[in-house]
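Using the supplied hints, reconstruct the complex from the two chains, each of which is provided in its own coordinate frame.
Here's the letter readout for the chains.
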Amino acid sequence: MKRTLAYLSLLFILGVLLYVANPNYGLKFGPGGNEWLSLRYTDNYYITHGLQEVGGANIVTDIVFDYRGYDTIGEATVLFTAIAGAVALLRPWGRDER
Amino acid sequence: MNCVGDDMGVIVRTAARATIPLIGIFGSYIVAHGHLTPGGGFQGGATIAGAGILFLLAFGLDEMKKRYNKNLYSALEGIGGLAFLGAAMLGIGVAFFYNTLWHNGPFFSGKPGTLLSAGFLPIMNLAVGLKVFTGLVSAMAGLALYRRWRE
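Heads up: the protein sequence lines correspond to chains A and B, in order.
Here my numbering is used: the first residue of the first sequence is 110, the next is one more, and so on.
Here my numbering is used: the first residue of the second sequence is 9, the next is one more, and so on.
None of these hints come from the bench; they were simulated from the model.
The reader is advised that the hints may include incorrect statements.
Calculated lysine to any residue pairs in the SDA-like style (CA-CA distance at most 20 Å, straight line) [to be verified]: (1) B:Lys78 / A:Leu160; (2) B:Lys74 / B:Leu144; (3) B:Lys119 / A:Tyr155; (4) B:Lys119 / A:Leu160; (5) B:Lys73 / B:Leu84; (6) B:Lys73 / A:Pro201; (7) B:Lys119 / B:Tyr106; (8) B:Lys73 / B:Asp15.
The following block holds chain B by itself, in its conformation from the complex (with noise of 0.2 Å):
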């Protein structure tokens, strides 16, 4: 049996490199489109950290070590909450969370149904998206990093 250190072998190795860029485009797509099809931006971001979690099971924990970078996951975490409280902020001069770029905006107005639509909801989307992709991953890797039990 393997432990967690190690990787699941060649089989499941091929089908993750397979199905990995697969699960991020979907995520991606779901992220932004978030104002026009079912979803948004925590059903995205935890779509694609499944795929970093599926990084995480298949390809195991030295690998993991190299690829993941904690200063960049923390720092694009606050990123994405700093974005979502900042397009929150646009329309503070008739209340928090309105929408003026929807109603008087130079961008992100163009008619409903299409992708430049709906005012600060593609940025919020995408805001939020990524805090929940990198505090999921964060969360996963520090559950994999930090295990207190014995093999």
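Chain A with its partners taken away, still in its complex shape (with noise of 0.2 Å):
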């Protein structure tokens, strides 16, 4: 019984996200077209401006090494401060030398 409904309900979520994510008549998840090109405009930016300002064809990487180098910098010190903790807490103790 218990497993049915689970099925069941698997099955109606299913058909809710088939119904909610279909282009033609499902939700709009944002403006498109040139509404689109007129608020979003920093993506457009990137995209049209990034190959000849930051000069690589991936524009992914030209956005997170040089548009938003901060961002990458911190990245990078999280997981030196991650790994840096993680050791230190995980090395034995002056307690549980027995």
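See below:
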């Protein structure tokens, strides 16, 4: 009974998602077309100017390492701190040496 | 059941010996072509670290202790972070993170789409890839070395 209910609910969720995610008559996530160009102009700026301003053919790398370089510095710092903290917390402490 | 200190048997060891170089080459490709194709320093470094973790799992902790040098990996991680910051400092005359190598640099200023282009992006990709690889391998070795539970 429970298992049947679970499968039925999964099927229901799948149907709802299939309806919602359909681009023809589903929900619209944000504007599209020319309205998109006027509202989300930074996206278009990166796409059109990224190749000549930064020079990488991969626009994502252009954004991550040049336009959003501070974010990448923070990310590297977070990784460094996480590893340092993990090693510092995991290594045997004084009271563990029996 | 094997404990963590052991290796995982001859089948897994042979398969790992065959696949670890391929994983390493693929990760190096992702890092080196980070400014041209999808991927980059973080993703390629994590891929190479996957090869290291596969080595640790397949060959066991005793073999890993012989090959893993803590001081070397710490130094390499520091060098990666410093190279990243140094590449960002190159164009400090205009702004932090200004890509001066690409606009008027002596090298790394080729045609867009070639390997030696895009200014500091290849340097930063290599630095971040080195940093992520050594960091993740160090974290995994630390987890395996300093485990608290009993068998």
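Each hint tested on the structure:
no. : hint                : result
1   : B:Lys78 / A:Leu160  : violated, 40 Å
2   : B:Lys74 / B:Leu144  : holds, 18 Å
3   : B:Lys119 / A:Tyr155 : holds, 19 Å
4   : B:Lys119 / A:Leu160 : holds, 10 Å
5   : B:Lys73 / B:Leu84   : holds, 18 Å
6   : B:Lys73 / A:Pro201  : holds, 17 Å
7   : B:Lys119 / B:Tyr106 : holds, 19 Å
8   : B:Lys73 / B:Asp15   : holds, 13 Å
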